[in-house]
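Add chain B to chain A, keeping to what the hints say.
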Amino acid sequence: MTFAVYLPAALSLLLVAVSRAAARHTSPAAVTRGLALAAAGTAIAYAACLSFLALTLLDDLPPLAAFDHLPGLPRPVPGPIALAAAGLLGWSAWRLLRDLRIRRDTHRRLRSVGSPDAGGLVVADWAAPHAVAVPGRPGHVLITTGLLRTLDGRERAVVLAHEQAHLRHGHHRFTAVAAAAAAVNPLLAPLRDAVAHHAERWADEEAASQVGDRGLVARCVAKAALAATPVLGLGGASVVGRVRALRSPAPDGRWTRLAGPAAIVAMIAAVTATAAVEFAAVASAWLHAV
Amino acid sequence: MALTAGAGRRPHGSLEAEILATLAAATEPMSAADVQRALPHDLAYNTVQTILIRLLEKDAVQRRPRGRGHVYWVRHAEAAEAARRMRATLAGRPDRAAVLQQFAAGLDDADAEMLRALLAEPPEAT
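Line order of the protein sequences matches chains A and B. Going by the working numbering, the first residue of the first sequence is number 1, and it counts up by one from there. Going by the working numbering, the first residue of the second sequence is number 1001, and it counts up by one from there.
With the rest of the complex left out, here is chain A (with noise of 0.2 Å):
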């Protein structure tokens, strides 16, 4: 095996770069879109490759053990990189059980808190201010007091139409998607917060189009966060991020600005698809030999 079967996680690297600046004027719908469906891509072509690599192990097990002398018999890769490969992977699928573990019990947790019999709301009398899109059939919006108090009539309008744009284009999946891609493949993190971000680009905008005013979106989302209690973590730059958007000018919904992205991950499946044919061949000599 060449080296074709190392570069989906070295090109993993490349796209997270090049998808930052390609992010940036285009639309967030066409970003969320595009980033979650390379995310998932990339995510399988290495998790593909780690296991063309920890497969070459079985060539220590019998039968093919006994074969380790006749010459000819096909040694595609060093031992320990073959272990380290499917430690790997195992680290990969342990993170992946865990985030979809998380996320169906937090999700199942919020559906019980209460029954959304009127518009879809459900009223949580909290202090604390928080505004949340449970997903379901059909999601409903769970909204603390301590928001609405902090918000007058316009800045509520505002908020209920932002989490009804989650609902109404399901960008929980998105986001979903991409958090799974980032546990099978760490080195998609900044994709999966990425994804995150613009999906919050993306109802912020359909907000803004609802009730006709992005300043006053920007303003909104600046007030919550400001009255939110104040923490340390990457909400924050997310949140700076959104009211600049929403100050400058709208960006335009190319798509041709994904052009960069797609264009590596067409590469991660080109690589993907040699490292495939040469495991085969690989396999292929060892069922020969048996």
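Treat the hints as calculated values from the structure; they're not laboratory data. This structure is a prediction, so every number in the text was calculated from the model and none was measured. A portion of the hints provided could be inaccurate.
As the list claims (entries may be wrong) - The list that follows gives simulated cross-link-like pairs (lysine to aspartate or glutamate, EDC-like), each with its CA atoms no further than 16 Å apart: (1) A:LYS223 to B:ASP1109; (2) B:LYS1058 to B:GLU1078; (3) A:LYS223 to B:ASP1108.
Stated by the list, open to error - Which residues of chain B face chain A? A partial, calculated answer using Cβ under 10 Å: (4) LEU1015; (5) THR1022; (6) ALA1104.
Where is the CB? At the ideal position from N, CA and C, for every residue including glycine.
Here is chain B on its own, set in the frame of chain A:
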């Protein structure tokens, strides 16, 4: 059914949600006229009244007579129970909060400062 939102277009049920949100934001029970004044739209009094009755029928709000009409408020027991469950799910559980689409996260001091500075600037020309 796909609803594409355009300016001034409201998805189905969003007036109910807005009126419920208005009542939940208030500290005192509100009459239909109070609700009408608190809403950002020019809604007819009768529309507000109709939606309040619908919310009442769905057990989302309670009312009592005042003057010639009624005053309405969000059912407190349900909102308190919802808060208890929501807090139990999220408080102190950053791994759960991280999987959610939250409207706005908290900020650290530097980001809060940057946000205030950003709001003080005039917006970029569109």
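How the hints compare with the structure:
no.: 1; hint: A:LYS223 to B:ASP1109; in the structure: holds, 15 Å
no.: 2; hint: B:LYS1058 to B:GLU1078; in the structure: holds, 13 Å
no.: 3; hint: A:LYS223 to B:ASP1108; in the structure: holds, 14 Å
no.: 4; hint: LEU1015; in the structure: holds, 7 Å
no.: 5; hint: THR1022; in the structure: holds, 7 Å
no.: 6; hint: ALA1104; in the structure: holds, 4 Å
Of the numbered hints stated above, none is contradicted by the structure.
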